[in-house]
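Protein chains: 2
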Amino acid sequence: MNDSTTETVENDQSALQRAVHLSQQRMQANLGGPFGAVIMRDGVILAEGWNEVTSTNDPTAHAEVTAIRRACAAVNDFSLQGATLYTSCEPCPMCLASAYWARISRIVYANTREEAAAIGFDDAFIYDEMPKAPHERLIKMVHLPREDAQAAFAAWAAKTDKIAY
Amino acid sequence: MNDSTTETVENDQSALQRAVHLSQQRMQANLGGPFGAVIMRDGVILAEGWNEVTSTNDPTAHAEVTAIRRACAAVNDFSLQGATLYTSCEPCPMCLASAYWARISRIVYANTREEAAAIGFDDAFIYDEMPKAPHERLIKMVHLPREDAQAAFAAWAAKTDKIAY
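Each protein sequence line maps, in turn, to chains Y and X.
Per this note's numbering, the first sequence runs over residues 1265 to 1429.
Per this note's numbering, the second sequence runs over residues 1265 to 1429.
Treat the hints with care, since some could be wrong.
No copy labels: a pair is met if it fits in one copy or bridges any two.
Here are the simulated SDA-like pairs of lysine to any residue, each with C-alpha atoms no more than 20 Å apart in a straight line [what the hints assert, rightly or not]: (1) K1404 with T1269; (2) K1426 with S1343; (3) K1426 with Q1289; (4) K1426 with Q1288; (5) K1396 with N1321; (6) K1404 with R1305; (7) K1396 with D1386; (8) K1404 with Y1391; (9) K1404 with T1270; (10) K1423 with E1271; (11) K1396 with V1406; (12) K1404 with R1367; (13) K1404 with E1393; (14) K1426 with P1398; (15) K1426 with Q1414; (16) K1396 with L1408; (17) K1404 with T1424; (18) K1396 with L1295; (19) K1396 with A1422; (20) K1426 with D1386; (21) K1404 with N1275; (22) K1404 with F1389; (23) K1404 with A1421; (24) K1404 with T1272; (25) K1423 with H1285.
FYI, nobody ran anything at the bench for these hints, they're computed from the structure.
Build the full structure now, drawing on both the sequences and the hints.
Dropping the structure here:
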């Protein structure tokens, strides 16, 4: 994990202010919940995102995920290494894990998961579910091992032209 | 969280087999890693997904997220309550949290996070990062509280025409 970024304190404040502005403006436009995000690398904004869950019927359309998708499309790469994710609220586990997969180097956030919980969002609840054993979670999880599934993993391991990510 | 589903043991086996088939077939077509998913409700497949990270330059395009997005589009709803997610591998934290947000009722999986780690995927590592305090994570996280961000949350709480999700 490369955590080197080049943003200044001024960049941090202006990008976070922009993320918060988006959270307020897009919510008032009835696009979704009060969440906004900006992705910056080397002083340049790569993409912006805002919550679009209810307006697009996509439960994964959180501000951060949307911004990550757009930033990757903008740079034509599945890696955002060296980039900073600015978000009006601490990322939920979905968005945080998305940031890991996208190789985001740094996250700057304003509100917390507890503040999100206080206005009705499940962020803190889902964080509590993550470390549990699969069979102890509120979503019922069933493990059915299969030889064909293990064969698919073995085929990946043996694949000579794979693109790792 | 409603965990009632109506799938039979036969449905479970055939849907999981289909998810595994997708994981193998789409990987061999070089669309991404060896992961497939199927979403079923009341015996009907709502959507299928497979890993498309490298072919679409979208680090969030895991099989489960893709299937959830397609299923929500198919039923025109951001909730998949009552549905079962079948996946060739235990969901990573991004996909698991997506399932919570989508109100998926049940998850059936074949391979495990440890088996994914053994062929080079970060699932287990990201699970280990989730419960850490933000400042202890490998991605550097900075908390900058702001009054405008808190005002946006207060505006959501006071909003009379909001759509909760």
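Okay, the hints, checked on the actual structure:
1. Only between protomers do K1404 and T1269 lie at most 20 Å apart by alpha-carbon distance; the minimum there is 10 Å, versus 40 Å within a single protomer.
2. Proximity of K1426 and S1343 under a CA criterion of 20 Å is satisfied intra-copy only: 16 Å inside one chain copy versus 35 Å between copies.
3. With identical chains, the CA atoms of K1426 and Q1289 are at most 20 Å apart between copies only, with a shortest distance of 14 Å across copies and 43 Å within one.
4. Taking the shortest Cα distances, K1426 and Q1288 sit within 20 Å of each other only across copies (13 Å), while inside one copy they are farther apart (43 Å).
5. For the identical chains of this complex, K1396 and N1321 are neighbours neither inside a copy (28 Å) nor across copies (31 Å), given an alpha-carbon limit of 20 Å.
6. For a Cα distance limit of 20 Å, the shortest separation of K1404 from R1305 across copies, 15 Å, qualifies, whereas the shortest one inside one copy, 40 Å, does not.
7. Proximity of K1396 and D1386 under a CA criterion of 20 Å is satisfied in both settings, with 16 Å inside one chain copy and 18 Å between copies.
8. Taking the closest pair of Cα atoms, K1404 and Y1391 come within 20 Å of each other both inside a single copy (17 Å) and across two copies (18 Å).
9. Within a single copy, K1404 and T1270 get their C-alpha atoms only as close as 44 Å, which misses the 20 Å cut-off; across copies the closest is 13 Å, which meets it.
10. Taking the shortest Cα distances, K1423 and E1271 never come within 20 Å of each other, neither inside one copy (39 Å) nor across copies (35 Å).
11. In this homomeric assembly, K1396 and V1406 come within 20 Å of each other (Cα to Cα) only inside a single copy, at 14 Å, whereas the closest approach across copies is 26 Å.
12. For the identical chains of this complex, K1404 and R1367 are inter-copy neighbours only, at 12 Å across copies versus 30 Å inside a copy, given an alpha-carbon limit of 20 Å.
13. In this assembly of identical chains, the alpha carbons of K1404 and E1393 lie at most 20 Å apart only when taken from the same copy (12 Å versus 23 Å across copies).
14. Proximity of K1426 to P1398 under the C-alpha cut-off of 20 Å is found in neither arrangement, the shortest distances being 30 Å within a copy and 33 Å between copies.
15. With identical chains, the CA atoms of K1426 and Q1414 are at most 20 Å apart within one copy only, with a shortest distance of 17 Å there and 45 Å across copies.
16. In this assembly of identical chains, K1396 and L1408 lie within 20 Å of each other by CA distance solely inside one copy; the values are 18 Å within and 29 Å between copies.
17. Taking the shortest Cα distances, K1404 and T1424 never come within 20 Å of each other, neither inside one copy (37 Å) nor across copies (34 Å).
18. Taking the closest pair of Cα atoms, K1396 and L1295 never come within 20 Å of each other, the shortest separation being 33 Å inside a single copy and 32 Å across copies.
19. For a Cα distance limit of 20 Å, the shortest separation of K1396 from A1422 qualifies neither inside one copy, at 32 Å, nor across copies, at 34 Å.
20. In this homomeric assembly, K1426 and D1386 come within 20 Å of each other (Cα to Cα) only across copies, at 16 Å, whereas the closest approach inside a single copy is 37 Å.
21. Taking the shortest alpha-carbon separations for K1404 and N1275, only the inter-copy value of 16 Å comes in at or below 20 Å, while the best intra-copy value is 44 Å.
22. Only within a single protomer do K1404 and F1389 lie at most 20 Å apart by alpha-carbon distance; the minimum there is 16 Å, versus 23 Å between protomers.
23. For the identical chains of this complex, K1404 and A1421 are neighbours neither inside a copy (30 Å) nor across copies (31 Å), given an alpha-carbon limit of 20 Å.
24. Proximity of K1404 and T1272 under a CA criterion of 20 Å is satisfied inter-copy only: 15 Å between copies versus 45 Å inside one chain copy.
25. When the C-alpha separation of K1423 and H1285 is checked against a cutoff of 20 Å, the pair qualifies only between copies, where the shortest distance is 17 Å, while the shortest distance within a copy is 46 Å.
Of the numbered hints given earlier, the model fails hints 5, 10, 14, 17, 18, 19, 23; all others are met.
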